Amino acid sequence: DLHSFPTRRSSDLICGATALIGIAPTLIYGQDAFFFLENGWRAVWGLRPHIDYSSAWGPLIFLVEALGLRLTHFSVNSIGVANAVSGMVVGLWAYLLGRNRLGSASRLMGALYAALLVCAPYPLGTRPWRTSHSMIYNRYGYAFLLLIAIESFGREGLVESRGREWLAAFSTGMALALTMFLKVSFFLVALPLVVLSLFFHGPTLFNFRRVAGLAAGFAVTTFAFLAYLRFDVLAIFNAWRVAAAARSIRLVHLSPVSVLLEHKFDLLLLAAGIGGALWGGDAVRWRNKFTLPAIAGFFLAADLSLAVTNQAQSYSMPLLAIFGLLVADRLARAIHATSGNGSRQAAALALCGLLFLYHFGMDVGGIATAAVRKASPALWATPAKFSEAHLAPYLLYDLQNEYFRASSGHVYVNQIDDGIRLLREHCNPNDRVQTIEMQNPFPFALGWRPPRGGAASTAFNYLQSAKYHPSFAEYFGDATAVMVPKHPATPPDLIDGIDTIYFPALYERYSLAAESQEWWLYQVK
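Residue numbering for the sequence shown follows the working numbering, starting at 1 and increasing by one per position.
Simulated from the structure, these hints should not be mistaken for lab results.
Quick caveat: nothing in here was measured; it's all calculated off a predicted structure.
No incorrect hints appear here.
Restricting the straight-line Cα-Cα distance to at most 20 Å, the calculated cross-link-like pairs of lysine to aspartate or glutamate (EDC-like) are: (1) Lys486 <-> Glu402; (2) Lys486 <-> Glu515; (3) Lys525 <-> Glu474; (4) Lys486 <-> Asp496; (5) Lys486 <-> Glu425; (6) Lys385 <-> Asp417; (7) Lys374 <-> Asp398; (8) Lys525 <-> Asp478; (9) Lys525 <-> Glu425; (10) Lys374 <-> Asp12; (11) Lys525 <-> Glu515; (12) Lys486 <-> Asp417; (13) Lys486 <-> Glu518; (14) Lys385 <-> Asp398.
Cβ pair distances, simulated, as ranges: (15) Gly361 <-> Arg421: 43 to 49 Å; (16) Leu188 <-> Arg127: 25 to 31 Å; (17) Arg421 <-> Val89: 36 to 42 Å; (18) Asn401 <-> Asp496: 16 to 22 Å; (19) Phe223 <-> Glu474: 25 to 31 Å; (20) Leu260 <-> Arg405: 26 to 32 Å; (21) Pro192 <-> Phe472: 36 to 42 Å; (22) Arg405 <-> Ala375: 25 to 31 Å; (23) Gln400 <-> Leu13: 31 to 37 Å; (24) Ala378 <-> Pro491: 25 to 31 Å; (25) Asn207 <-> Pro491: 48 to 54 Å; (26) Thr291 <-> His410: 53 to 59 Å; (27) Ile249 <-> Ala514: 32 to 38 Å.
Here a beta-carbon is modelled for each residue, glycine too, at the ideal position from N, C-alpha and C.
From just these sequences and the hints, can you work out the full model?
Now the structure itself:
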């Protein structure tokens with residue numbers, strides 16, 4: 001069953017292409033790749049988020065990247081390899097869960113979409129040709145939500161052996177816990193999704209075996225991560241508090257209505273598909289005629305909440321695609337049960353299938369675009385290449401947009417190359433380098449030990465704020481050198497407030513040792 005030809009070949013193609021691409025040639029958010037490289041590098045050195053440095057993210061994505069670094073001998077291509085391994089695991093997981101819960105075609109497509117969600121190298125909410133590894137963690141979050149949705153809202157009235165039912169629930173408990181240690185906003189969507197499933201699953205509200213499996217999967221996974229984080233629950237909650245306070249400041253700048261208007265096509269397909277499904281008869285309904293619209297409303301609200309809180313990806317709603325797949329599967333089975341005599345169901349099936357296939361096709365296009373760019377980097381324009389040999393596979397294209405220009409193409413590559421030269425001239429591998437920027441690329445770029453302290457990423461009123469931020473001691477940690485950019489790659493609205501907070505402590509603890517065209521280098525007094 002696991003080695004069925006279409007599943008194995010298709011998943012091999014997706015994950016194999018992702019591994020071969022490695023780090024995708026990048027058109028937008030050029031500095032964000034160093035978010036994964038640097039924090040994966042910290043994990044390799046034994047540094048833990050929340051404990052050793054401030055982070056709005058849990059350790060999961062950093063441990064995944066650390067695995068990629070180990071597998072590739074610390075290459076920048078580790079990002080693609082880590083995603084390929086994760087995509088294979090998540091795709092297989094979805095395929096196993098789909099057994100008896102989804103029809104054969106839906107099961108295959110769901111498994112492939114799970115792999116695509118992880119592997120497609122472009123930011124959700126942008127177009128597939130804008131290749132980048134920015135914000136991969138959001139893709140992982142949606143993949144976990146897909147796993148939960150398949151187990152929770154698959155075939156109604158499914159009767160399984162006790163062992164299989166318990167294991168399926170255990171996997172959902174695991175997925176729920178993984179969202180918490182990935183990014184808490186996904187946990188806040190996954191938790192009510194699981195609670196909602198209790199009203200849907202089995203003949204009674206609380207199916208004991210399923211609840212026991214959910215609790216066991218959640219508890220085991222949570223215990224493992226808490227052990228990794230030394231059971232410092234207070235540090236975890238403090239990190240969440242800082243991130244939530246900063247993120248709430250920017251929420252006022254994005255209207256949910258604007259997100260909905262951006263997705264008119266998806267909403268039209270969703271409404272028409274649900275209408276057709278309800279019109280199609282009792283065989284299509286979940287429990288009663290109100291259940292299907294209620295579940296659709298929840299998926300829409302959940303997608304909208306994630307779109308609003310993940311502001312850089314505010315125009316992406318993959319949960320609608322997942323819901324479209326679930327409804328299309330139910331419609332297909334209803335048509336099969338009536339020997340194909342269901343024109344209304346067939347029309348609704350086409351609409352829901354189109355809702356899913358639109359998102360599915362976008363992710364396929366993202367991988368295809370990255371593969372073509374990797375094979376022929378200069379096909380559209382000449383990309384910039386880092387001088388450091390182990391960074392050379394990371395190609396960045398120039399972007400004319402002024403807001404992102406400084407973190408793209410030759411501008412950003414020249415800045416990092418200049419900083420590396422400055423550090424090699426005035427520091428040594430025993431130095432621990434901190435950077436007052438959104439990302440700190442230098443420890444990984446130089447292969448030096450990362451400092452204890454700092455932040456996984458720095459962004460004013462997005463990850464830190466004037467009121468809630470790491471203390472001076474927490475931010476600078478044990479850094480012996482601090483790099484300050486003369487022309488930050490980070491947009492002014494995300495970095496200016498950080499300068500205001502930390503520059504007084506910088507001048508007190510460090511002295512200016514050298515400077516270059518792009519950087520000031522401060523060393524500990």
